[in-house]
Amino acid sequence: MNPDSLLIGYPTADDEPLHWWHVADGAVQAWGCDLDPLMASSVYGPDQAQTDVRVIALLPSHLTSIMGHEAISDANESQTIAAAILAAKAHSLESDKVHIAATLDSEGRAVTASVGLEIISAGLARLKELNLDPDAVIPSGWLVPVDHDGAVSADFGFDRLVRAGNIIAVDDPALRPLLFAGLTVKPVAGDAFDAMLVLASEKTDLNFRSGLFAKKKRRTMDRSQKRRLRWMVAALAILSLAIPLVQLVQFHWAAHAADEAALAKATSVVGEVKDPDSAERALDQRLLDENRGNIMFPVPASALYSALQQVPNVSITRMSYGDNGIVSATLSAVRNEDINPVLRTLQDAGFIITATPRTDATGSAQADITVRAP
-19 MNPDSLLIGY PTADDEPLHW WHVADGAVQA WGCDLDPLMA SSVYGPDQAQ TDVRVIALLP
41 SHLTSIMGHE AISDANESQT IAAAILAAKA HSLESDKVHI AATLDSEGRA VTASVGLEII
101 SAGLARLKEL NLDPDAVIPS GWLVPVDHDG AVSADFGFDR LVRAGNIIAV DDPALRPLLF
161 AGLTVKPVAG DAFDAMLVLA SEKTDLNFRS GLFAKKKRRT MDRSQKRRLR WMVAALAILS
221 LAIPLVQLVQ FHWAAHAADE AALAKATSVV GEVKDPDSAE RALDQRLLDE NRGNIMFPVP
281 ASALYSALQQ VPNVSITRMS YGDNGIVSAT LSAVRNEDIN PVLRTLQDAG FIITATPRTD
341 ATGSAQADIT VRAP
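First residue of the sequence shown? That's -19 in this note's numbering, and the numbers climb one at a time after it.
Because the hints were derived from the structure by calculation, they are not lab data. A hint or two may mislead.
What the hints assert, rightly or not - Pairwise CB distance ranges (calculated): (1) P125 x H42: 17 to 25 Å; (2) P153 x G96: 25 to 33 Å; (3) A(-7) x D76: 19 to 27 Å.
What the hints assert, rightly or not - Mimicking DSS-like on lysine-lysine, the simulated pairs with C-alpha atoms at most 30 Å apart in a straight line are: (4) K195 x K108; (5) K197 x K183; (6) K77 x K195; (7) K195 x K183.
Idealized CB from N, CA, C, for every residue including glycine.
Take the sequences, apply the hints, and build the full model.
Shown next, in the form of structure tokens:
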């Protein structure tokens, strides 16, 4: 079925009443001639979007020049149309001041239509003032059907014309003997005229809304696209929540596996224990029983690293461990005053320390220290 459409005469002057026809459901529903066709036609219903109605503007025949062009052998459609546009420009007396539209007719021959640049631009500006942005601007005579045995005339109210093939001209009694001599002119009126308007949406191939005057496409989404977008947003939100949850579960499993491995290792040393905390206490007690707890490397080393974590400006550049339970290390900082808090922390924890301050080649403060558990 043909879409809803609003056909309007193309404005050629300011404050000009425009003929209009509203086509819907395969019939002309209303028509008239008003200064504001959009308001007069009530074409947009309360639940009808502007994109649901196709606006077609009809240029009067006296403003356009239509030419038929001979077919070019071994040329595709694009090449044929391009050649026809060049020929139409060459035929025009002011080729730099015309806008040309082109298409192929039913026999595959190119047809061009020319209109002045000022006419097309001024008309579009006037329609914009009426809140109309036509989807197509075509010569009114292009709607008139072709009679291969004669000519056809039509009266649009703002334009009376005669068509014979691709020849479209103003219906002037003085021109009929010159352009349509010997042809029977059949008028299109009544129901036939309405049927011609209903088919207008299928005759927009010779469209002046091309090139510089092409209509800008509005990016819109239909209901299915909006529904799909909502589902995608919901899926993204669920996925964003699922990723950290999965990572948390994986971390929990990894931590549990590590605890199980540590517990199994400790069981082989201290015997059967219930949990990692019990295993740690049992290991500490065994070290104490063997008098190895305070001379083991982890005790002074962990104390040193714990003290370093409290002073962000101090780093450790070297560390070694001796069998006597003494950890030797070199601390580095910008100033010696920055190293002192580390030493005080170790002393407050009960460790026996020594410290020899010095300055390296870069000017940084360093201290060679030893740490021994009491």
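Comparing the hints with the structure gives:
1. One distance hint, 17 to 25 Å for the beta-carbon pair P125 and H42, holds here, with the actual separation near 21 Å.
2. The hint said 25 to 33 Å for the Cβ distance between P153 and G96, and at roughly 26 Å that hint holds.
3. Look at A(-7) against D76: about 25 Å separates their beta carbons, and that is inside 19 to 27 Å.
4. With a C-alpha separation of about 12 Å, the suggested pairing of K195 with K108 holds against the 30 Å cut-off.
5. With a C-alpha separation of about 20 Å, the suggested pair K197 and K183 falls inside the 30 Å cut-off, and the hint holds.
6. As the CA atoms of K77 and K195 are separated by approximately 20 Å, the hinted pair is consistent with the 30 Å bound.
7. For the hint linking K195 to K183, the alpha-carbon distance of about 17 Å falls within 30 Å, and the restraint holds.
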